[in-house]
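Based on the provided sequences and hints, a complete structural model is requested.
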Amino acid sequence: MKIETTRFGTVSITEDRIIHMPFGMLGFSDQKRFVLFGHKEKSPFCWYQSIDDPALAFVVVSPFGFKSDYAVDADEAAEAMAWEDVDENDLELYVVVTIPMGEPEKMTANLAGPILINAGTRQAIQLVISNSPYTHKFPLL
Amino acid sequence: MLIITRKLGEQITIGDDITVAVIEIKGAWVKLGVAAPKSISVHRQEIYQKIRAQNVAAAAISMADFERASVIIAKTPSRSEAT
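Top line first, the protein sequences correspond to chains A and B. Numbering follows our numbering, in which position 31 of the first sequence is assigned residue number 31; successive positions increment by one, without gaps. Numbering follows our numbering, in which position 54 of the second sequence is assigned residue number 54; successive positions increment by one, without gaps.
Source of the hints: derived by calculation from the structure; they are not laboratory data. No experiment lies behind these values; they were computed from the predicted model shown. It cannot be assumed that every hint is accurate.
[What the hints assert, rightly or not] So these bits of chain A aren't anywhere near chain B, every CB distance computed over 10 Å:
| hint | residue |
| --- | --- |
| 1 | 4 |
| 2 | 7 |
| 3 | 10 |
| 4 | 37 |
| 5 | 105 |
| 6 | 136 |
[To be verified] Okay, derived cross-link-like pairs now, DSS-like style, lysine-lysine, Cα gap no bigger than 25 Å in a straight line:
| hint | chain 1 | residue 1 | chain 2 | residue 2 |
| --- | --- | --- | --- | --- |
| 7 | A | 67 | B | 7 |
| 8 | B | 50 | A | 67 |
| 9 | A | 40 | B | 75 |
| 10 | B | 75 | A | 106 |
All C-beta atoms in this analysis are idealised placements derived from N, C-alpha and C, irrespective of residue type, glycine included.
And the structure:
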C-alpha cells in the first residue's frame, strides 16, 4: 500500500508493517496506525510515521543505546492491550526524541513515555511511567 | 464541571464501571482510589500532561533540524557506557 507523508512524500509499505495503536499517542489519540522505519544506516534514529495523517511523524530511538539499564514494567500495558502469552522477544521499546526548533544540540528523549511495540500482534501503546526516576526530557548529548 | 462534596470513605461513580473513592484525607492531601477497566488509562495529570506536551513538541520536528541532529549524534561517541 502507498501512504502519503509530508516529510518523505509517497511511501510504499507492506500492510504487515502497520503498527496499530488502539489508544494512539498522547495528544494524538485520533491516529491509530503507524509505521516504523529506520533513518539510514548507522543512524540511531527511526521515524514513527502516522499512516493516516501525512504530517504526523515522530523521531524515535532505542533507549538502550544511551541508557543501557533502562527498564519498564510491561505487565500493565499488556493487560490494557489484552495481550496474552506475550513473547518477550516480540517486545520492542522506543522513546520519542524532541529536537527543539533551531537547537538540535538540545535534543532530548522522553523516557517517561516510551512506545512499547508488540511485534507479535503488530500493536503498540505509549506508556506513562510515573513513580520512576525517568525524565521526559533526558538530554541525548 | 460537576462539583461534589464527599466524606472520607465515600465514593463517586462515573458511568457503569468507574468508581473513585476517598481513601485518606491528610491536611491538603487527598488519597483517592480509582477502580476502572484496564482499557481506561488513569494517570496523575502532571505526568500525563508532560508526556503529551513532549509529544506535541516532538511532532513539530522540521527536516532541517532533524538532519542537523543526525550529524551531531553521529559525531557523538556512544553513550551506552554513561550512567
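We went through each hint and held it up to the structure:
Every CB of chain B lies more than 10 Å from the CB of residue 4 of chain A, the least distance being 16 Å, so the non-interface label holds. Some Cβ of chain B comes within 10 Å of the Cβ of residue 7 of chain A; the nearest lies about 6 Å off, and the non-interface call is violated. Its beta-carbon lying about 16 Å from the closest one in chain B, residue 10 of chain A satisfies the requirement of being farther than 10 Å from that chain. Even its closest Cβ contact with chain B, about 14 Å, leaves residue 37 of chain A beyond 10 Å, as expected for a residue assigned away from the interface.
The beta carbon of residue 105 of chain A is not kept farther than 10 Å from every beta carbon of chain B, the shortest such distance being approximately 6 Å. In this structure residue 136 of chain A is not separated from chain B by more than 10 Å, as the shortest Cβ-Cβ distance comes to only about 5 Å. Taken as a hint, the residue 67 of chain A and residue 7 of chain B pair is broken in the structure, with Cα atoms around 45 Å apart against an allowance of 25 Å. Between residue 50 of chain B and residue 67 of chain A the alpha-carbon distance is near 21 Å, which keeps this suggested pair within the 25 Å criterion.
A threshold of 25 Å between alpha carbons decides the hint, and for residue 40 of chain A with residue 75 of chain B the separation of about 15 Å falls inside it, so the pair holds. Restraint check for residue 75 of chain B and residue 106 of chain A: satisfied, since their Cα atoms lie roughly 15 Å apart, inside the 25 Å limit.
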